[in-house]
Every structure is written in C-alpha cells, then in structure tokens.
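K.L.:
Protein chains in written order, with our numbering: chain A, 1 to 245; chain S, 1 to 245.
Incorrect hints may appear among the rest.
The list treats identical chains as one, so a pair stands whether inside a single copy or across any two.
[To be verified] The list that follows gives simulated cross-link-like pairs (lysine to aspartate or glutamate, EDC-like), each with its CA atoms no further than 16 Å apart: (1) Lys119 with Glu133; (2) Lys119 with Asp163; (3) Lys119 with Glu223; (4) Lys119 with Asp64; (5) Lys191 with Glu152; (6) Lys162 with Glu176; (7) Lys119 with Glu137; (8) Lys184 with Glu123.
Since the hints were derived computationally from the structure, they do not count as laboratory data.
Protein chains: 2
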Amino acid sequence: MTYELYYWPIQGRGEFARLILEDAGADYVDVTRSRDGMKRMQDIVANGVPGLLPFAPPFVHVDDIWVAQSALIASFLGERLGLAPSEAPARYAALTIMLTIADFMNEVHDTHHPVAVDKYYKEQKAPAKLRAESFREKRLPKFLRYFERNLERNGNGVFAGKDVSYVDLAAFQIVEGLTFAFPKTFKKHHKKVPLLLALRDRVAARPRIAAYLASDRRYAFSEHGIFRHYPELDGGTAAPRRRSR
Amino acid sequence: MTYELYYWPIQGRGEFARLILEDAGADYVDVTRSRDGMKRMQDIVANGVPGLLPFAPPFVHVDDIWVAQSALIASFLGERLGLAPSEAPARYAALTIMLTIADFMNEVHDTHHPVAVDKYYKEQKAPAKLRAESFREKRLPKFLRYFERNLERNGNGVFAGKDVSYVDLAAFQIVEGLTFAFPKTFKKHHKKVPLLLALRDRVAARPRIAAYLASDRRYAFSEHGIFRHYPELDGGTAAPRRRSR
Chain A
1 MTYELYYWPI QGRGEFARLI LEDAGADYVD VTRSRDGMKR MQDIVANGVP GLLPFAPPFV
61 HVDDIWVAQS ALIASFLGER LGLAPSEAPA RYAALTIMLT IADFMNEVHD THHPVAVDKY
121 YKEQKAPAKL RAESFREKRL PKFLRYFERN LERNGNGVFA GKDVSYVDLA AFQIVEGLTF
181 AFPKTFKKHH KKVPLLLALR DRVAARPRIA AYLASDRRYA FSEHGIFRHY PELDGGTAAP
241 RRRSR
Chain S
1 MTYELYYWPI QGRGEFARLI LEDAGADYVD VTRSRDGMKR MQDIVANGVP GLLPFAPPFV
61 HVDDIWVAQS ALIASFLGER LGLAPSEAPA RYAALTIMLT IADFMNEVHD THHPVAVDKY
121 YKEQKAPAKL RAESFREKRL PKFLRYFERN LERNGNGVFA GKDVSYVDLA AFQIVEGLTF
181 AFPKTFKKHH KKVPLLLALR DRVAARPRIA AYLASDRRYA FSEHGIFRHY PELDGGTAAP
241 RRRSR
C-alpha cells in the first residue's frame, strides 16, 4: 500500500503531508519527483480521476481513496498512520485546529497576493503592503495567541490528545515558515509563544523528522511558496535588486 | 441530545449548519437567538471550554464534542444526521468538495475585505474593486467550472454518493449567495452550470428546507454577511447613497 502525494516541487501546502508521511515512515511517492510526475499531476487536475476532480494540488491517493485539501489530507494521513488522537472529542479538536492552520496559510499567502492569485507579487505590491501591515499588526498576533492558548488548554505540550499528532507537525511547519518569511516580526512575538516554540523543537528532534529535514527530500523555502521572505512585507525596507553585470 | 449552534445572527458561515440541522429535523438551538446567547458565545470565544478554544464562530456542541470551522461542522453534522455518503471514497470526496466551498466563501469575503478583516469595506474600496475584478474574471469561473464538473463526474445530480448530502445543501447556499451578491455576473454563467442550478432547485424543494426558508428562522442576506451586494463589485456602478431627510 503506497501513498501517492501529488504536489508542486515546493514546500507550500504539500509540506504538511510530507512531514506526516516522513514521521510515520510510510511507503510513499512524491509524484512530481518522478520523470513524468508533473505531467501525471496536471492530467488529473485537467481531467480528474473516477474519485476526484481536484480544484488544485495537493492531493493524495491510496487504495480507492482520493483526497484533496491540505487540512483534510493531513487528518486523513494522520488518522491512518497513527499520528492522530483516538478519542472523538480530541479527534475533532485536532481537525478544528488543523483547519485553522489552513486558514492561517491562506492569510500568509494573501500578504503577497492580496488582489489577484493569477498575477505576480510585483503587480500588487501596494495592496500587499497594506495587507501585510494588517497581517503583522492584527492577524498574526491573533493566530499566535490562538495557537499558544490552545496548547495551554490541552496540556501535554501538544495540540490535541496526549501525543504528537499531525496538527503538531503542521504547527512545526508554521513556525519554520514564519521564521523564514517574517523573521523580524515573528521574533518580537517569541516571548509570547513559549509552548509553540517548545513544540517546534520537540518535533524537530524526532528522529525521522530530523533525518527528513537533513535530506534532499525536503525542499528549501523559496519565493515560489506560501511563505516568502519579502523584507518590505516584514516591516522593513525592500532588499536592493541584484543587478546583472 | 440537543445540538447547540453558536454563530452570529446572520447567514454567513453558520448557514451551512442551519441548513443541515433543518433538513434533518434535528433538535437544535441557535444559541444567539436566546436572550443571553450572544454573551454565552462571546464568553466561549474569549475563555474557551474544556474541549475548544475557537478562533471564531461558528462552533457546535453536542454531548462531549465541540467542533469549529464551517466545513468540519458541516461534515460532522451531515455524518451524524444521515446527510452524508456512507462509503469511504465518497465520504472523502464530499469533505474535499465541502472544504473547497469553504475556500470559495473566503474568496467571496475577500472581494469586499481584500486588505484588512478588521476594517470596513468603505476603507478598502479601491483594492476591493481590483480583487472583485479578479474574482469575477478568474476565480468565479474557475470555481463554477469545478462545481459543475464535479456534479458531472459523480452523476446522480449530487456531489457525492447517490443522495443529497451536506455538500449539496452547502452548494444551494452558494447559489443563493451568488444570486444575491453578484446577480449581474452570475447570470452570465447560468448556461454553463445547468447541473448546479438544478441541484439548487432540488434542494429548495425539499419540504423541510422549503419550510425553513419560509420561516423567520432563516436570516435574510444583508451587508453584514459574507455575500454582500455592492453593485460596483458586480461590475456595475455604485448604488447612490440614501440621504436622510
């Protein structure tokens, strides 16, 4: 039983799935790493398969099940691979928080694409500056407070249940992303999110996660993903453009 | 066993839950309709309960389970109340599509709030015009195509499985919302979404839904919800402001 993950060759919204598959030591294929993988993925986006006509990657396939939407993929994989709480109340708590993480990803994305998903950042820099300001001053503090308080509420150093689950792996990715994209802003909040930072360290120390992060299976952050480092959106001034000689 | 729905006294993101509870004839309380309901909801948002510290309404409570996030609430209620497919592949297909409907709601919201969630529409009219243009020209056609093709893919006149499920009730709400908020734009697409419009009619004709829509339990669309009718965002000119005498 091999899991197939279909996603672009970036971290982006596919990274939650990769972290779970890696942490569980699952048998999986990151389809777009294979020679014809990109074509196979785009064929499914264009034409669908019997069980799925996705809006966009990522999507996952195993047996006769096809699942899209990053938060659902995370809970689907987490529940099958032993990385989810077993009791109903905690299972729903986990998925509720995971969906809020997905919402957070959308808001991070919209800091650099506030007006048109299909246009480049450089074509929407002025509204992006406004949106990023609102993100830094209102939304990010609200989300960070939500995460920290939910860790306090649950106890055990994790978001739901007693053990590390898929939500905690996703939270790790959020911390890594903020550290990359909004270093200046995020640093100011460090003292307010001790549990979130401790969880980040705990996840990073898990042997399979550590091995994954050190491997070439982990894509680097880049300016093609959700988390992008534009200093001017982090409350600084734009980096000087490199000139060609 | 009474379901408690906590949401603002508007349609908004709580309407998916109301449609399911009504269609199932479930025993439920729309908490903010009670005298102290608004206070109870805001207390939970501020302080949480043992099973939940929500980011925002809506959230639902039954037995020892608390669930937030509109798409998860819909699948949770749908699965408990006989309004969800029973086989695993179709259950995941339903939730995948429901989550895409939730994404669509976010994009509708952002047409009037592209820059700052916490500010009024009138403070972000210029970027809203740009965002709405992108919505009308790129995103809405892409989502409508996604909905129509998924109805074609599944057959049976519904999104997943053989019978009307929570996803179909949500799709009804989407059609109603577009008809209210973007009448001019949506009408241009009518010929391209015959299955979606037929599904809308089929849902509207269900006896309990018809009774609900005719009752005062159904809030009216308004300019406090997700779907708002601003003619200038529908590709027209702004309505003249009413003057007080």
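K.L.:
Look at each hint and say if it fits the structure.
P.N.:
Right, here's what the structure says about each hint:
1. Lys119 with Glu133: Cα proximity of Lys119 and Glu133: across copies only (12 Å, versus 20 Å in one copy).
2. Lys119 with Asp163: Neither: 42 Å inside a copy, 39 Å across copies.
3. Lys119 with Glu223: Only inside one copy: Lys119 and Glu223 sit 14 Å apart there, 29 Å across copies, limit 16 Å.
4. Lys119 with Asp64: neither (36 Å within a copy, 46 Å between copies)
5. Lys191 with Glu152: within (15 Å within a copy, 52 Å between copies)
6. Lys162 with Glu176: Answer is neither: 23 Å inside a copy and 43 Å across each miss the 16 Å cutoff.
7. Lys119 with Glu137: Close across copies (13 Å), not inside one copy (25 Å); limit 16 Å.
8. Lys184 with Glu123: Neither: 24 Å inside a chain and 28 Å across chains, both beyond 16 Å.
Hint compliance for this structure: hints 2, 4, 6, 8 are broken, all remaining hints hold.
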